[in-house]
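Asker: Sequences are here, hints too, so could you generate the full structure?
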Amino acid sequence: MKTLKDAKVGQTVVVARLHGEGPVKRRIMDMGITKGVEILVRKVAPLGDPMELNVRGYELSVRKADAEMIEIA
Amino acid sequence: MRITIALAGNPNSGKTTLFNDLTGSSQYVGNWPGVTVEKKEGRLKGHKDVVIQDLPGIYSLSPYTLEEVVARSYLVKERPDAILNIVDGTNIERNLYLTTQLIELGIPVVVAINMMDLVRKNGDKIDIVKLGQELGCQVVEMSALKGQGSMEAAKAAVAAAQEKKAGEHPHVFTGSVEHAIAHIEESISGKVDDASLRWHAIKLFERDEKELEEVQLDPALKAHIEAHIADCEKELDDDAESIITNQRYAYISRVVERSVRKKAAKHALTVSDKIDRIVTNRILALPIFVVVMWAVYTIAMGGTPVSIGTMATDWTNDVLVGEWICGNLGAWMESIGCAPWLTGLVVDGIVAGVGAVIGFVPQMLVLFFLLSILEDVGYMARIAFIMDRIFRRFGLSGKSFIPMLVATGCGVPGIMASRTIENDRDRKMTIMTTGFIPCGAKMPIIGLFAGALFGGSGWIATSAYFIGVAAVIVSGIILKKTKLFAGDPAPFVMELPAYHIPSAKNVLHATWERGWSFIKRAGTVILASSVVLWFLQGFGFVDGVFGMVEDNNTSLLASIGNVVAPIFAPLGFGTWQGAVATFTGLIAKENVVSTFGVLYGFAEVAEDGAEIWSLLAGDFTALTAYSFMIFNLLCAPCFAAMGAIKREMNNAKWTWIAIGYMCGFAYVVAMIVYQLGMLFSGHFGVGTVVALLLLAGLIYLLLRKNKYQDAPLKAPARSVAAR
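Chain order of the listed sequences is A and B.
So in numbering that gives the first Met the number 0 the end of the first sequence lands on 72, straight run, no missing numbers.
So in numbering that gives the first Met the number 0 the end of the second sequence lands on 722, straight run, no missing numbers.
Derived from the structure by calculation, the hints contain no laboratory data.
Be a bit skeptical, because a hint or two may be false.
As the list claims (entries may be wrong) - As a list, the in silico DSS-like pairs of lysine-lysine whose alpha-carbon atoms are at most 27 Å apart: (1) B/Lys39 <-> B/Lys145; (2) B/Lys233 <-> A/Lys1; (3) B/Lys706 <-> B/Lys209; (4) B/Lys519 <-> B/Lys482; (5) A/Lys63 <-> B/Lys480; (6) B/Lys129 <-> A/Lys63; (7) B/Lys76 <-> B/Lys38; (8) B/Lys129 <-> B/Lys261; (9) B/Lys145 <-> B/Lys44; (10) B/Lys145 <-> B/Lys129; (11) B/Lys38 <-> B/Lys190; (12) B/Lys209 <-> A/Lys34; (13) B/Lys76 <-> A/Lys34; (14) B/Lys482 <-> A/Lys63; (15) B/Lys704 <-> A/Lys4; (16) B/Lys273 <-> A/Lys42; (17) B/Lys706 <-> A/Lys4; (18) B/Lys145 <-> B/Lys190; (19) B/Lys47 <-> A/Lys34; (20) B/Lys262 <-> B/Lys273; (21) B/Lys265 <-> A/Lys1; (22) B/Lys704 <-> B/Lys480; (23) B/Lys265 <-> A/Lys7; (24) B/Lys265 <-> A/Lys42.
Answerer: As C-alpha cells, this is what we get:
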C-alpha cells in the first residue's frame, strides 16, 4: 500500500482511500483530503516532519504519522 | 426588536477584522461557559438592537474540537436569527464546506465572500448570483481589510433575519444517501425542532456522538435508522461519516466549477507561496527563524539601548512608579497627616505591589505588538511548522516555542502568549511548563548564591537554564502520559494561511486586548495579594502586643516562616529565613534577595546581595544553596504569573493543578539533589531512601509506556512485524 508519506516533494498524487477512524480521520477529511482529490506535496519541514501539501487551492501541513493514513493511487 | 446575528467562518477568513469593523468599541469579551474558548459579542454600529455574536473560527461542525462543539451547541440551542457566514474567496472550496453545514441548520444564512480584492487581483471571477442560486441563500462580496462591503453584508444578514425565511436545502448528497436522510427525517419528525430537521437527520446518519447523546431515541427507532445507514454504507463501501464528508466536497466541487473561474493553473505558485519557498526553505528556515525570534526578543526585552520594551518598563518602574507616585504620594500623605500605617499600606503595599506588576505593561505591550504582527502576517503558523518535530516529543506544540522564549524575560507575558496555541491540551501543557524557564527576576537569586558560595562561577547560571529546560522536557514527557492529558491523539493538521500585509487596526486591537486583560488582573488579584502580604510582613506580636513591627524578624510572616520551615528540612534549608525568603519570592522573585538582606540586618542590598554573601555562606553549604536555588527556580512562579495562569486556564481546577504540579516537581527535584548530594558526602538516612524512591518514581513516569496514546493505530504494524 502506497501512502502519502511515501510521496516525493513536488509530486502530485490522487487520494485512493483514507484509513484510520474517528477524530483523526474526520479532521483530515474536514480539511478537504477526500477520496479522489489531487494533492501536491509542496515541501517537507526543515527537520524532516511535518510535510506541506497543496490541496483544494490552499496550503496544509500534516505530520508524517497522519499522512500514513492516506492511501494514494 | 432585538436581533442576534452569529458570525461564523473558518480560521484566517478575516472574521476578527469583520467583527471589529462591525462592532467598533462596543465589544464584550468573555469565555464560553465552562471552557477556555473566547466568546465575543458586540452591537452593530448604528443599530443598538442588533447583537453580533462572534463564533470561534472553525472548519466544520463535527463534534471533536472544543471550538466546534461550542459553536454548534450555540447554533443549535440558542438559534440566532441569522448567520453571517464569512468565506475566504481565495480559498473558496474548503470554506464552503462549513457553509453547506450551516445551511442545514434551517437558520437564514448570508454568505459574505471576503478578500474580493485579492480574488480580483489574481484575475479570478466569482459569480455571486449563480453561487447564491446553487447554495440557496444570499451571497454578497466584501473586503473586510479595506472596509468594503462589511456594513452591507451585516445589513443583508439583518434583512434575512427579519424575513425569517431560511433557504431551500440544496441537494448535496447522492440518491441513496438523500433517501436514507429522508427516512431518518420522517422517523424523528416531532422529536426535534422542525426547522433544523435536516441537520439532525444528517447528524444521526453520521452517528454523531453528541447528537446521539442529545436526541434520545428509543432502541426500536435507533435500530430502524441504523438499518438505513448500514444499507447506505454497504452500497457505497465506506463509513457513514466519510460518505457525508466525501459527498459534501464533491458537491462543492460541482458548485465551484459552475460559479468560479480561476485564471491560474491548479497548484500554481502565488506570491505567498514564493515567499514561503524562502521562509520555510529546508536550509534557510532555521536561520530566518532564529533571526526573527532574536529580533522580537531584543526589541521587547533585550538590553536598554535597543529595546523599546525594556526602556519603557524601566521608565515606568523607576520614574513613574518609583519617583512620581511612590515618592510624591508618600510625602503628600505624610504632609496631610495620615497615619503611618495608612501611608505604609498605600505606598509600600498597594503602590509597590501593583506598581511592580504594572511596570511590566510597557514591555508586554511591545511584545504583544510584535507577536500580533507575526500572527497577522501568517508567520506564527510557520513557526509551528518548523518547530513541531522537536516540541511534539514533549507533548507540546511547535507554537510552544514563543511562550518559552518570552518566559526567559518574564513568565507573565510568556504564559499569556500561550493563547496563540489553538489545541487545548497543548496550550494547557505549555502554561504548566512555561514557568520553569528561568525568568529575568530569578537571575538575582542565581547571582546571590553563585557569588556567596560558588565564587561567582558562571556555570551556576548556565546550569539554571539547563535545569529549567530539562524541567520543561521531563514534565512534558511525564504529563503527556498521565490521565490529565489523555484522550484521542489530536492530529496536527494545520492550515498554513497565505502571507499578507498586517493590518494596523487588527494588530493594535489585539495588542490592546491582551494588555488590558493583564492590567485588569493587576488591579484585582494582585492588588489583594499585595495588601495581604504587606500586612503579614509589616505586622506581628512584639512582647505579646499586636502591632506594626519595625523588624521583619518579628512579623507574622516570620512566624509563618517558622511554622513552614520544617517542610523544607528534607531539602536542606529548613531555616525560617529560607522559608520566609521562599514565601516572599511568591510575591515577586526579586524579593528573595532583598528579603535575605533584611533578615541579615541590612536595610538595602545590591541586586546580587553582595553585602550578605559571607553571612549567607555561614548558613548555607554549597549543596543546600543549590537545593534552595532549584526549588525557587522551579516552584510556583510569582503572583503575577499565577494570575496569568488563572486567566489563561480559566478554570480553578486547572490553575491549582498547574501551581501544585510546579511546587511538587520543584520539591521532588530539590530533595533528590540534596539527599543524593548528602549521600556522596557519606550521609545515609531515611531521606536518602525517600529520595531514591522518588528518583525511581520519576524515571518510571518518564519511561513508562503511554497507555493512552495511539495503541490501536500501531497495533497492526507490530503484528505484521511479529510474523
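Asker: Which of the numbered hints are not met once you compare them with the structure shown?
Answerer: 4, 6, 11, 13, 18, 19
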